[in-house]
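Asker: Here is how the chains run, residue by residue.
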Amino acid sequence: MMPGLKVLAPGFHTTVQDLGRIGYQDIGVPVSGALDEVSLRIANGLVGNSPATPGLEILLSGPSLEVTADSVRVAIVGAGASLRVGRGDPFVVPAGQSATLPGDEVFQVVAGRHSACCYLAVEGGIAVPLVLGSASTYTRAAIGGLEGRALRRKDVVPLAITRASLGTELRAPALPLAVGEQSIRVILGPQQECFTEEAVTALLNSEFRVSKDADRMGMRLDGPLLQHRAGWDIVSDAIATGSIQVPGSGQPIILLADHQTTGGYPKIATVISADLPVVGRRRSGDAIRFVAVSIETAEAAYCEQERRLTELVAGLKQIPQIGLDLSSLYGNNLISGVTTGVE
Amino acid sequence: MGNSVAGKITKVRFLSAGDQALVVEFGDRVDRKLSEDVLRLNATIRPWMLEGVIETVPTFRSLMIHFDPLVISREKLEHTIERVLGGDSGSQIDTRLWRIPVCYEAEFAPDLAEVAQLAGCSPSDVVVLHSGTIYHVYMMGFLPGFPYMGDLPPKLALPRRADPRLRVPPGSISIATSLTAIYPNESPGGWHLIGATPVRLFDLDRPSPALLAPGDAVLFQPVDRAHYEQIRQAVESRSYKVESEPIAA
Chain A
146 MMPGLKVLAP GFHTTVQDLG RIGYQDIGVP VSGALDEVSL RIANGLVGNS
196 PATPGLEILL SGPSLEVTAD SVRVAIVGAG ASLRVGRGDP FVVPAGQSAT
246 LPGDEVFQVV AGRHSACCYL AVEGGIAVPL VLGSASTYTR AAIGGLEGRA
296 LRRKDVVPLA ITRASLGTEL RAPALPLAVG EQSIRVILGP QQECFTEEAV
346 TALLNSEFRV SKDADRMGMR LDGPLLQHRA GWDIVSDAIA TGSIQVPGSG
396 QPIILLADHQ TTGGYPKIAT VISADLPVVG RRRSGDAIRF VAVSIETAEA
446 AYCEQERRLT ELVAGLKQIP QIGLDLSSLY GNNLISGVTT GVE
Chain B
5 MGNSVAGKIT KVRFLSAGDQ ALVVEFGDRV DRKLSEDVLR LNATIRPWML
55 EGVIETVPTF RSLMIHFDPL VISREKLEHT IERVLGGDSG SQIDTRLWRI
105 PVCYEAEFAP DLAEVAQLAG CSPSDVVVLH SGTIYHVYMM GFLPGFPYMG
155 DLPPKLALPR RADPRLRVPP GSISIATSLT AIYPNESPGG WHLIGATPVR
205 LFDLDRPSPA LLAPGDAVLF QPVDRAHYEQ IRQAVESRSY KVESEPIAA
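If you read the protein sequences in the order shown, they are chains A and B.
Taking the numbering used here, the leading residue of the first sequence gets 146, the next gets one more, and so forth.
Taking the numbering used here, the leading residue of the second sequence gets 5, the next gets one more, and so forth.
It should be emphasised that the hints constitute simulated quantities derived from the structure, not laboratory data.
One or more hints might be untrue.
Said to hold, decoys possible - Taking beta-carbon pairs under 8 Å as the criterion, some of the chain B residues facing chain A (in silico): (1) 56; (2) 58; (3) 65; (4) 76; (5) 78; (6) 83; (7) 84; (8) 145; (9) 148; (10) 149; (11) 150; (12) 192; (13) 208; (14) 211.
The beta carbon of each residue, even a glycine, is placed where N, CA and C say it ideally should be.
Bound conformation, chain A alone (with noise of 0.2 Å):
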C-alpha cells in the first residue's frame, strides 16, 4: 500500500503547498505556495526535509488525520498549534517539535486561536505530482496538490516515504511567529500617485480590520476608504505578492499567494516580504496597521529573517533518549501532557 495520511475530517481549508510554483507568471500562472514560508520552513527543517519540501497549510480549523505507513514523523508550526494524538486519551505534541508516530495512530491538528494558518510537515513530505515544477494547490485553476483542490474527507495525502528514519527527534528552542499587533512594514507604490495625499495618510495613520472576506487569494479590509485622485482604472499591469490594491469602492485588498498575476486597479503599497508571513498569520476580525519603511529598511529585514531562519534551521536541538522506541515515546513527559491543547 502506498504509504498516506487518512483525511478523517478535513478541517476548514487544508492544502498541500510548498514554495511556490516559480517562473509561470508570464502565462497567467500565480506563484502561490505556503502564505507563512517561515513556519513552513521551520515544519520542514524539524522532519529533516529541506525548506521546499511540499507539507500541508492549514487555515483556521486543522484536520484529523490517520497514519496509513508503518511510521511517520510529523512537526507541526504555528502560533498555539498543536497535534492531539491518539483514539482514546490523547497526548499533545505542541507546535515546533518533531514526534514520530506508528502505522494507524490517529491525530488531530488543533490549531492555534490566534493565528489563521499552521503548516504540518511529513518526513520525507507528501508525494504529489508536481505541476510545473510545484506541488502547491491553486485551487482555482485546480492545479497542483490533491486533485488541484482543499482536502476532503476520505482522501488519502500521499506520502513520499514508507517508514520514519531512525533518528531522534528535534524541538525548536523558540519560535519566531509574531501574531500579535505589530504594525506592517510597507513600501508605498508602486501606484500611491493614484491615491490621494489623505488616503495616504489614512493608510498610515488608521487602524484597520481584516474583514470576513478574505482568502489565500487577498484579504480585504476594513477601516477608512482611500479615495484615489482620479478614477480607479489603470492599464493593467503586474502584481507582486503583498501589494495593497484599491478598487474602485476604496476598500483596500492586500493580496496574497494566490494572486492573479495582473490586474487593472492602483496599488498604493506593498507589504515588506519579511512581513508577508506575518500578514498571513492575521485572522478576519485582526487589526491591521502599516507603517512605511525604505526599501533599504526592507531588505535589510529580509536580510535579517533569512539569516535567523537559517541560524534557527541549523541550531534544532536533538530531544535526547527518544531513540527509536516508539512506545517511550508515548510514555516519555518530553511529549507535553493534554493542557497545551486547549485551544
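Could you slot chain B onto chain A? The hints should help.
Answerer: Only chain B this time, still in chain A's reference frame:
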C-alpha cells in the same frame, strides 16, 4: 516614486512593488509600440541571463522583474536595464502567427446579436470584422493561459458587459474595449462572447502549457458547427495541431 531614464530606445520609470519586484514602466496606454518595447526588454532580462532575476512578467505597459536582493542589488538591476535600453542590441524574440479556428454560430455566441446591434451592423459583419484582423498578443493574465489581444477594429470596441457572467464556458472568444481574448477555462467573465474555439489555450500536458505567448500574432478562422466538432474530437484525441508559422523578424 520612480526615476526616469532617457535611453536611446525609450524612456522608462522604475517603480517599486515591494523589496523584491521592480516595475519598469514604459507608459500608461494599450499601445503596440509600448508593448514591443516591453517585450524587447523582457527578451534581454530573462532569468537565465542575469543571476538573481527570478521571473519577469510583461504587461501592456510595463515589465515586472521579480528578483532576489540577496543575489542582485536593485541598483545593479537598474543599471543593467539602463544599459540594455541605451544600447541598440535587441534580443531576437521568437514569435509565431497562429490561425485559431472559431465557430461564430449562435450556440457559441450568446452576445453576437447584441454586439452587432451596438456596433450598428449585422452579425455576419461582426464576424468578418473580427476574423479579418491580425491581433497582437499583448500579455497573459487573469487566468492561466488567458491572452489579451488587440487591437479590435474600432467599430467593435465596446465597454464590458454591465452584468458579468458567473460562468463563461472554456474556449469562449470574447471582446471588450479595444481587446479580444479567449477564456482557457470556465470562469466568471464580463466580456462579450461572440464565438468559441475547440482549441486548448492552456494544457498542462504540453511542454509549454500556454498555447500563445506575448508577442505572438493571432488570426481567427471561421469554421461551421460540423468543422468545430471535427476539430474538437481531434483535440480530444490529441491529433490536432493548431496551424502556425514563425513571424519573420
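Asker: Could you run down the list of hints and mark each one as holding or not?
Answerer: So, going through the hints one by one against the coordinates:
1. This hint is violated: residue 56 of chain B has a C-beta 13 Å from the nearest C-beta of chain A, more than the 8 Å allowed.
2. Against a cut-off of 8 Å between C-beta atoms, the interface hint on residue 58 of chain B holds, since the closest Cβ of chain A lies about 6 Å away.
3. With 8 Å as the threshold, the beta carbon of residue 65 of chain B comes within range of chain A, its nearest partner Cβ sitting at about 5 Å, so the hint holds.
4. A cut of 8 Å between beta carbons decides the hint on residue 76 of chain B: the least distance to chain A is about 12 Å, and the hint is violated.
5. Satisfaction of the interface hint for residue 78 of chain B is found here, the shortest Cβ-Cβ separation to chain A being roughly 7 Å, below the 8 Å cut-off.
6. Checking residue 83 of chain B against chain A by beta carbon gives a least distance of about 16 Å; that is not within 8 Å, so the hint is violated.
7. Among the interface hints, the one on residue 84 of chain B is violated; its C-beta lies about 17 Å from the nearest C-beta in chain A, farther than the 8 Å criterion.
8. The restraint placing residue 145 of chain B at the interface with chain A holds, with a minimum CB-CB distance near 3 Å, inside the 8 Å limit.
9. Hint on residue 148 of chain B holds. Least Cβ distance to chain A is approximately 5 Å, under the 8 Å limit.
10. With a least beta-carbon distance of about 6 Å to chain A, the hint placing residue 149 of chain B at the interface is held under the 8 Å criterion.
11. With a least beta-carbon distance of about 5 Å to chain A, the hint placing residue 150 of chain B at the interface is held under the 8 Å criterion.
12. Hint status for residue 192 of chain B: violated, given a least beta-carbon distance of 11 Å to chain A, over 8 Å.
13. Interface hint at residue 208 of chain B: satisfied, since its Cβ lies 6 Å from the closest Cβ of chain A, which is below the 8 Å cut-off.
14. A distance limit of 8 Å between C-beta atoms decides the matter here; for residue 211 of chain B the minimum to chain A is near 11 Å, and the interface restraint is violated.
Of the numbered hints stated above, those contradicted by the structure are hints 1, 4, 6, 7, 12 and 14, listed in ascending order.
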